[in-house]
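*Asks:* Given chain A, put chain B in place with the hints provided.
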Amino acid sequence: MNKTILKSAFNILLVVGLLLIPRYVESPYALHMMILLFMSVAQGQSWNILGGYAGQHSVGHAAYFGVGAYTTMMLMHSKGVVPWVGVWAGMAAVVVVALIIGSICFRLRGPYFVLASIAVAEIMRLSAINLTPLTNGAEGILATEIPAFKIGATVVTDFVTKVPFYYIGLFLVLLTLAVTYWVQHSKLGYFFQAIREDQDAAHSLGINIALYKNIGLVISAVLTSLAGSFYGIYVGFVDPPTVLGLDVSVQIMLICIIGGMGTIWGPVLGSLILVPLSEALRSNMVTDLLVKIGMVNADSRIGIFLKENLSHAHVLLYGILVVLVILFMPDGLMGFVKKLAARRNREAV
Amino acid sequence: MAILEIKNVSKFFGGLAANSDVSFDVHEGMIMGLIGPNGAGKTTLFNCITGYYPPSKGEVIFNGRKLNGLDPDKVCMLGMVRTWQKVRPLAKLSVVDNVMVGALARTSSLKVAREMAMEQIKVVRMEHRTNFLAGGLPIGERKKLEVARALATQPKILLLDEVMGGLNPAESEEIIQLILDIKQRGLTQMVIEHDMKAIMRISDRIVVLTSGEKLTEGSPQEVVSNPDVISAYLGEPHA
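Same order as they appear, the protein sequences are chains A and B.
For the first sequence, counting from 1, position 46 maps to 46 in this note's numbering; every step adds exactly one.
Quick note, this note's numbering runs 1000 ahead of the 1-based positions in the second sequence.
Hints listed in this document are in silico derivations from the structure and should not be mistaken for laboratory results.
Do not take every clue at face value.
[Said to hold, decoys possible] For each label pair, taking beta carbons as the anchor points, the in silico distance ranges come out as:
1. A:Ser78 to B:Ser1056: 24 to 34 Å
2. B:Ser1108 to A:Ala119: 28 to 38 Å
3. B:Ser1108 to A:Lys7: 19 to 29 Å
4. B:Gly1014 to A:Ala313: 50 to 60 Å
Don't be surprised by glycine CBs; every beta carbon is placed ideally from N, CA and C.
Chain A extracted, bound-state conformation (with noise of 0.2 Å):
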């Protein structure tokens, strides 16, 4: 009783938290790195219900983000549907292609449904490079302003500031949170995870095991279109590698991966890690950080070999973690938190 207490006075402290950031920092770059890490928290969060908790591990995710921030794009780009709009536009876009693909893929198990992931999002990639009418194919779309959001009369924002972009990538987050527990708290969050650990089981004790498949799919799907939809504004930019490339839907598996799948705190774990990594290795922190410790001479030959280098070398470091998360925590990040509190627990018994 008293630990739910503490529980919940904790989460609305760190949610009071997080909405005041934006009032004490101005840094920009600061904002834009919550920004980042509250779309891959609602990224990971949205892969989590169809691949953590129905164990569907979709390696095709980049179709929903691509065809949702695509969706808005176009619309805004062409037509100049307002993204508020444009945004239940992606969506439904997006149910539509996860109803499709959700009848074709559920057909198979395991690692063909994997791979027939793979291939559908691919054909979306594709798609979106050749139908050049459509989506201005392989050049992309550009979005130099962004409407500003009015109700009636009233400017509510401009979009001029990073400002706005936190506070809906915070929206973002507590909604993927707040669908991922009711999941969990439901009948639904038990069905799936029946489908889960043994499908025939599940299907032998009276679950639909098509119709539970495509709820979490469609779920999934339409949650990881309104991220892409928002990166989509925030960035201004789309293009086909960008957000249907099969490194988005990798990126998207990996959060969960190593923050822990089919758990609550997992993607937002995997994300504490993974953004501030990429970041820091994209932007050659590692050298500086080096430099300045005066382990290397930033003008010696090594220093510079760092400094070419070891920026295009992040995707090799980020490998690198993952095959060492996964040989030595399977169950992710949040997977040893509870192995290690479990210990602990015996050991005061």
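*Replies:* Below, chain B alone, put in the same frame as chain A:
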């Protein structure tokens, strides 16, 4: 009254007849034993009845309704549920959560499902394991968990596929008592079993399968004294 009618059911895998022309009735409230040597087609017949395979020929009629081609989940909702020879616990869920999945077939409320689950956990006497992870249970308790989970779907007929397989005598005795308890509550059961002593004790009627065909059917005494059954199990006597 026959609650389950198997009418001329055949199942072919390519050219192999796993079941051919099997017919029998299961009456309400009885325990029907299903025996036969390895590879006789017992589990295939279970799969045909519960919707995992559509029968190649013949009909399965449950409560007057033809089941052919109906998916396992629909079959379960109609009131027929099976357990698995090779147990299938939902390993990362606790015992009570496993049984709740079964109960959720009949209710959408987690609270009601939990109550229903606790009731069935009491029936199989596993209260002390309520919050254990199913994946960590020993085989005897996994088998009982299968039964509890199946019972939680509130079936009219329960199909048990070798619930005593791999158990020691004490555990088998416990399962026998459990099956008799369930019969007391008026539930119809169909039981596949290798343990002849056990099947003789619990069955009201026995069907014998060999090589996919029904060899004979009768009361336990009739079946054990049938020379065909003896030769199916022990081979032909030397002339």
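*Asks:* Indicate, hint by hint, whether the structure satisfies it.
*Replies:* Hints, verified against the model:
For the hinted restraint 24 to 34 Å between A:Ser78 and B:Ser1056, the CB-CB distance of approximately 56 Å leaves it violated. Here the CB-CB span from B:Ser1108 to A:Ala119 is close to 36 Å, well matched to the stated 28 to 38 Å. A C-beta distance of roughly 27 Å is found between B:Ser1108 and A:Lys7, which places it inside the suggested range of 19 to 29 Å. Between B:Gly1014 and A:Ala313 the CB atoms are about 54 Å apart, so this pair conforms to the stated range of 50 to 60 Å.
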